[in-house]
Amino acid sequence: MAEITLSRVTSVVQWRKIRQGNGWKAALFLSPWIVGFAAFILYPMIATLYFSFTDYDAITQPKWVGLDNYRFMFTKDTKFWLSIKNTLWIIITLIPLRLILGTLTAWLLTKPKRGSGIYRTIFFLPSMMPVVATTFAFLFVLNPDYGPINSVLHFLGIDSAPLWFYDPQFAKPAILLLTLWGIGDAMILILASMLDVPRDLYEAADMEGANGWQKFRAVTLPMITPVIFFILVTGIIFGFQFFTAAYVASNSTTPYSEPGSPQGSLLFYSYWLFQQGFVLFHMGYASALAWVMFVITMICTIALVKTSRRWVYYGGGMFS
Amino acid sequence: MTMTDRWRAENNRAILLATHNSARRHKILAAVATHSVLIAASIIFLAPFIVISLTALMTGNQALTSHIWPQPFQWHNFVAVFEEEPILLYIWNTLQVAGLSTVGVVLSCIPAAYALSRMRWRGRGFAFMIILSTLMLPFQVTVVPLYLIFAKLEWIGTLKPLIVPNFFGDAFSIFLLRQFFMTVPQDLTDAARIDGAGEFQIMTRLIVPLAKPAIAAVALFQFLYQWDDFFAPLLYVGNNPKLYTLTIGLQQFQSNHNTMWNMTMAAAVIFMVPVIVIFFLAQKVFVQGITMTGIK
Chain A
196 MAEITLSRVT SVVQWRKIRQ GNGWKAALFL SPWIVGFAAF ILYPMIATLY
246 FSFTDYDAIT QPKWVGLDNY RFMFTKDTKF WLSIKNTLWI IITLIPLRLI
296 LGTLTAWLLT KPKRGSGIYR TIFFLPSMMP VVATTFAFLF VLNPDYGPIN
346 SVLHFLGIDS APLWFYDPQF AKPAILLLTL WGIGDAMILI LASMLDVPRD
396 LYEAADMEGA NGWQKFRAVT LPMITPVIFF ILVTGIIFGF QFFTAAYVAS
446 NSTTPYSEPG SPQGSLLFYS YWLFQQGFVL FHMGYASALA WVMFVITMIC
496 TIALVKTSRR WVYYGGGMFS
Chain B
154 MTMTDRWRAE NNRAILLATH NSARRHKILA AVATHSVLIA ASIIFLAPFI
204 VISLTALMTG NQALTSHIWP QPFQWHNFVA VFEEEPILLY IWNTLQVAGL
254 STVGVVLSCI PAAYALSRMR WRGRGFAFMI ILSTLMLPFQ VTVVPLYLIF
304 AKLEWIGTLK PLIVPNFFGD AFSIFLLRQF FMTVPQDLTD AARIDGAGEF
354 QIMTRLIVPL AKPAIAAVAL FQFLYQWDDF FAPLLYVGNN PKLYTLTIGL
404 QQFQSNHNTM WNMTMAAAVI FMVPVIVIFF LAQKVFVQGI TMTGIK
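One line per chain: the protein sequences are A and B, in this order. FYI, in my numbering the residues of the first sequence are 196 to 515. FYI, in my numbering the residues of the second sequence are 154 to 449.
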């Protein structure tokens, strides 16, 4: 008995040694990433925090101004609040639509015995398209004068068809349509997780006499909650980074005018940050915007992780 | 068998047949309904591709009408757009960035993922958590100091800021490769160690050949990410038209000629076609890669 314990202790000690000896080797394998992490992530993060308390134009020395940037942001910068409003609009519309339509298409794709591969390809392909090209496409498709959508609307006798990207009221819905075309990535994720649901769960539900909706509600939905959680978290981060489509559309409809035109309706958070940092070269203020964005996305992520314990079902688990 | 028995049996069979038929009819109806919805959705998803392609073949004036069908088909547009704009130069710049950064990501991420999955060492879990959390980090939080570093190195207006950082690891690719390496049985690497193979040998001779699909996925995602990227090129080469990537070059072209819709759509087609070709050649790799990023 004692011998066994002793040998176990020595093996643990040896094990520790192996692990420590491996530490250096592992560091060697990780060295490119370690350098990259220090130079391109850790240092810049800290530097951004420092710059956010300064007035800095990238030419003269940064000047310490304390909390001035943050004070200006929250009390005086109306464009900041506009960009928050626009960003929340896109997050609040896009995420539920991506979840609902993604789940619906994925669920439909589990039905047919034949041909679901072709449908899957068709729905997935647009999500791989370059955003710049997609934006060109929708600028034309939704063009008020010669675009096919408004031609159809005119044909149907609707005279006051929306001006889409040219109308502050409709520019964001136009961006939403453009983004929804790329819903395929969400659909593929949901579909993969639906196909992973064990068959016997459905058979058990059948035995209980459950109908289609009840099976979806009681079996499918709980099993896909991890994917829903993933899409929610990445959706919020994506929303705050929303830039390319808005920039391309805005510069196409009204070149050389205010950012996010028409009338700031496409001024999303990242767009305002870009404008402040790299057009006006207010590096200090842009840094403050970046940290506020970081804190907001962190709070949202942590809040979601906290609530996830109540509604996300981990059969396997992402980090296992 | 009495008459009543026979009658009963016949009757039962009829009832069975009827319910069977109605179940079949129900099934067929459901299939028809599903396919109708899926076909309608497919048309909606395909319509933008069709509109782009047709408009790309119109004359400049016809693109400014609500006609759908090109009359005549002006195939020449695809040549004209190359004359109108130095697209070949943009493609060359984009290929340099996308190609070199893909090489960089693959070279730097394989060893990192190997250390995080196949080697046992203290702090492995912690290192992995850091990599996961940088996945969540918005790049805006680092962009100002990075721009200043590159400005100090006099790299603004060159392709270097778009390429060099990729040789120092990428959290997403490390994560994806690590997830795949984890699926290789530990016994296999242990056996190789007992045979006296070093870690580097195990990685290059054993893990890399097994992980080819995952490496292909990482390379493809990286290539397409760079092909598609707009923000970083705008920041770093936006002031140097000679080094415009396709995204920046086409965006400039579009905003300067925003009524030349046939040319713009031809440019969009040129931009999309390589992605579509790669997609069809490697669809399986994509789907696997995307699902691997999710939950598995």
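Treat the hints with care, as some may be off.
[Claimed, not checked] A few chain B residues that face chain A, going by a derived Cβ cut-off under 10 Å, partial list only: (1) A176; (2) P201; (3) A304; (4) G391; (5) P394; (6) W414; (7) L434; (8) Q436.
Hints listed in this document are in silico derivations from the structure and should not be mistaken for laboratory results. Please read these numbers as outputs of a predicted model, since none were measured by experiment. We treat Cβ as the ideally placed atom computed from N, Cα and C, and that holds for glycine.
Hint-by-hint comparison with the structure:
| no. | hint | in the structure |
| --- | --- | --- |
| 1 | A176 | violated, 14 Å |
| 2 | P201 | holds, 5 Å |
| 3 | A304 | holds, 7 Å |
| 4 | G391 | holds, 8 Å |
| 5 | P394 | violated, 16 Å |
| 6 | W414 | holds, 5 Å |
| 7 | L434 | violated, 12 Å |
| 8 | Q436 | holds, 7 Å |
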